[in-house]
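Asker: Residue numbers (the working numbering), protein chains in the order written: chain A, 32 to 140; chain B, 2 to 113.
Hints in this document: simulated from the structure, not taken from any laboratory.
Restricting the straight-line Cα-Cα distance to at most 27 Å, the calculated cross-link-like pairs of lysine-lysine (BS3-like) are:
#1 A/132 <-> B/42
#2 B/45 <-> A/104
#3 B/97 <-> A/96
#4 A/46 <-> B/42
#5 B/37 <-> A/132
#6 A/135 <-> B/37
#7 B/10 <-> A/135
#8 A/88 <-> B/42
#9 A/88 <-> A/46
#10 A/132 <-> B/10
#11 A/132 <-> B/41
Read off the chains here:
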Amino acid sequence: AQRVTQPEKLLSVFKGAPVELKCNYSYSGSPELFWYVQYSRQRLQLLLRHISRESIKGFTADLNKGETSFHLKKPFAQEEDSAMYYCALITGSQGNLIFGKGTKLSVKP
Amino acid sequence: DTAVSQTPKYLVTQMGNDKSIKCEQNLGHDTMYWYKQDSKKFLKIMFSYNNKELIINETVPNRFSPKSPDKAHLNLHINSLELGDSAVYFCASTLKWGNEQFFGPGTRLTVL
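Extracted from the complex, chain A is given alone in its bound form (with noise of 0.2 Å):
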């Protein structure tokens, strides 16, 4: 079955101090992952994509499918960092994404 797994529900970090919010996906098949972003009271964002390889806001993620993870790493949270992160896979013709149930970032000053 496709699932992807957000162990933490919430996550409490101070500013400054390194972050990382997992993600784990079951998929038998070439899987191609996101994380999106909600700050409060704004509408869902894309952050990354595994495939573009590259850095957002200080945010990486790379897949490890040994491992099925696509964790999210930063290595100084920021206050503005603070909001939801859901970890998403795509699957189907019409490519649905299939989200995790997310995690509150909360970076405390």
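Fit chain B to the given chain A structure using the hints.
Answerer: Chain B in isolation, oriented as in the chain A frame:
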């Protein structure tokens, strides 16, 4: 020049009513979606649609029906609203498979 827009932003209604939520995208995208975000912030696909195919998530009750008058619009009609339908509904669109999906601002539906 909002890319994906939804109306209304908030919708409060009584159980048993029928309501619609409208979605429009001005990006020239071929595929549009409806997602439901429940009170625990879980996001789940409801429908995907392009000019060739409508795919319905099997868990969606048939009280929900998408209607697409043209490529730029995908409206969501809900009949006989129930308390459990209370959620935030997001519309999204994409140019093609695998590309970034652009989301609307969401419609918060409250059923009393």
